[in-house]
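Residue numbers (the numbering used here), protein chains in the order written: chain A, 20 to 358; chain B, 20 to 358.
The list cannot tell twin chains apart, which means a pair is met if one copy fits it or any two copies do.
In silico DSSO-like pairs for lysine-lysine, Cα to Cα no more than 27 Å straight-line:
| no. | residue 1 | residue 2 |
| --- | --- | --- |
| 1 | K40 | K144 |
| 2 | K144 | K290 |
| 3 | K305 | K144 |
Hint data in this document are derived by calculation from the structure and do not stem from the laboratory.
All figures in this text were calculated on a predicted structure; none of them were measured in a lab.
Protein chains: 2
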Amino acid sequence: MPRIAIIGIGLIGGSLALALKRAQIESLEIVGCDTERGVAGRARKQGAIDHEARDATSAARGAAIVAVATPISQLRDVFEAIAPALEEGAIVTDTASTKRDPLRWAAELLPEHVSFVGGHPMAGKEQPGLDAADAALFEGRPWAITPSMGASEGAIRAVEGLVATVGARPVIIDGAEHDSYVAAVSHLPLVASTALFTLASQSQAWPDLATLAGPGFRDLTRLASTDPGLSHDICLTNRENLLHWLDRYIEELRRLRGLIADEGRQEELYKEFVRAQADRDVFLTKPPERGPAGERPETPSAREQMLSFMMGDYLVRRTKEIDRMLDERERDLREQKGP
Amino acid sequence: MPRIAIIGIGLIGGSLALALKRAQIESLEIVGCDTERGVAGRARKQGAIDHEARDATSAARGAAIVAVATPISQLRDVFEAIAPALEEGAIVTDTASTKRDPLRWAAELLPEHVSFVGGHPMAGKEQPGLDAADAALFEGRPWAITPSMGASEGAIRAVEGLVATVGARPVIIDGAEHDSYVAAVSHLPLVASTALFTLASQSQAWPDLATLAGPGFRDLTRLASTDPGLSHDICLTNRENLLHWLDRYIEELRRLRGLIADEGRQEELYKEFVRAQADRDVFLTKPPERGPAGERPETPSAREQMLSFMMGDYLVRRTKEIDRMLDERERDLREQKGP
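So here's chain A without its partners, still in its complex pose (with noise of 0.2 Å):
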């Protein structure tokens, strides 16, 4: 039965496990584990994956597909931990929200003969853990796609069919493209969502601030409560990329002020809001397609690429321990007979 692994069952492993399992493919497996106690047994009671493995190395053994859903400061250790176990011919993926990292780590310390093909899925939650884990949570969301020099293209396809399964949309794209990108469209919001909220909690008048605070103020400070290890891991692997966004950010918040300040560029004013308010329209209505790449597979095609891929891999292993197995056979045969 082809196999795919979860190493690492919180909020984004959580939700995978439950959008595979919604997507009902009868012959899929579904291997999990999670470092902390009780998590992978909850998991496998609450029908999210089939079987607990006891670390991220037996998890790995015999999979198609292993899935690292850890955080990155745990990344490093878990490619250490699988590396021996992987099969031949598997693929590694993992959900970390900066890909520079996994991409130098999983060169340096998977065997060559795996595919290494990073994945970001563009959703979360406040919440962190399997409790919050949705099997809608990717639904209609951009799943970045960075694979790795080495990675096949039969491997890049079955990791888009996979991302296609569970509802998101692949957006494959280079690694350094991505941190790129992200840090202008997800970290940098991050910490000016931070920002306003500790601006506003930490001033004298919060208990007034708060009391009027609407709708508005809770939307835009929605991100200060992400997981503080998450926000900070953001900081720590991806500093170029929102330092430099950060700057531009502040710069174009100066232009903004200056043109509140001056009462004579009020149309200019006038302008910009009407501008964003379109543009932004404009975004909404129509998302984005990133080329051939950026475009949603259709489920059933997703899903068969992402089979026919295990199912092949699965065949390729089993040949192999077949081969194996005749192998030793004959050797025993041959033993048995004596020189």
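Using the hints, position chain B against chain A.
Structure of chain B alone, referenced to chain A:
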């Protein structure tokens, strides 16, 4: 029948009408008008209002409460138009985002025999107009109430009752304080959101950024879709407060930037994220109360509060009308008799 006039039946005025209808106050008559052709008619057909008035002056005539829900740029003209039509003891309220100008215009233009009690519902949507109106728009939202110097205690209680009747949480506050606080929790978020969207959408990488933008980016840029006229009005009418908070925000971003850039201060940075998350949790789970005025009155008593005022007002007017009719009849009788 006690009458409330709603002048301007857009998103806010329309939602106010629908929410009052939802409260099923049998004896309440809602009169509405809008400068946009056909809007009042549609509102009547939808059952949001009972009667159309052809303009603000006629709408205000005979109303116990006049709620002006036009853009702030039309407020002064509306005050001028309704002033001669207002009954003695009537209440005028508004829904503008800033309160300094409405309070000044009310003092300047409204007759002394009415009470001006400013209002500002901290609720909204990107879509403007009657079509976006929603009876549940104010549900659980703060609604600032800024009484003028001359407003009677009964008038303040009546507006409080009106606000609670439509499901909002009344927050009585001084007008100048209001403008300073909403600059922090409403107007700064608007500018921060617009700046973030403009920065990304004006960038050369926008097609790629848009492809990767997830729910975080969408939420953080939601306020960039605010009606441009409203955004500009806010900047015009609350400039000093907004600039003050904008400067503090830029300062806060610089401070966080410093922590992100400095390898020696990573623990400090991590603690910032921890504190923001923890404080926001408290903010979300324990909505603030601002003294007795912040308490949400029970709906029945709130409704009674509003109605008892309106009924009282109605009786006062009715008594005067009867007195006048009697006077006229007496005069007629005298004239018939001849001098």
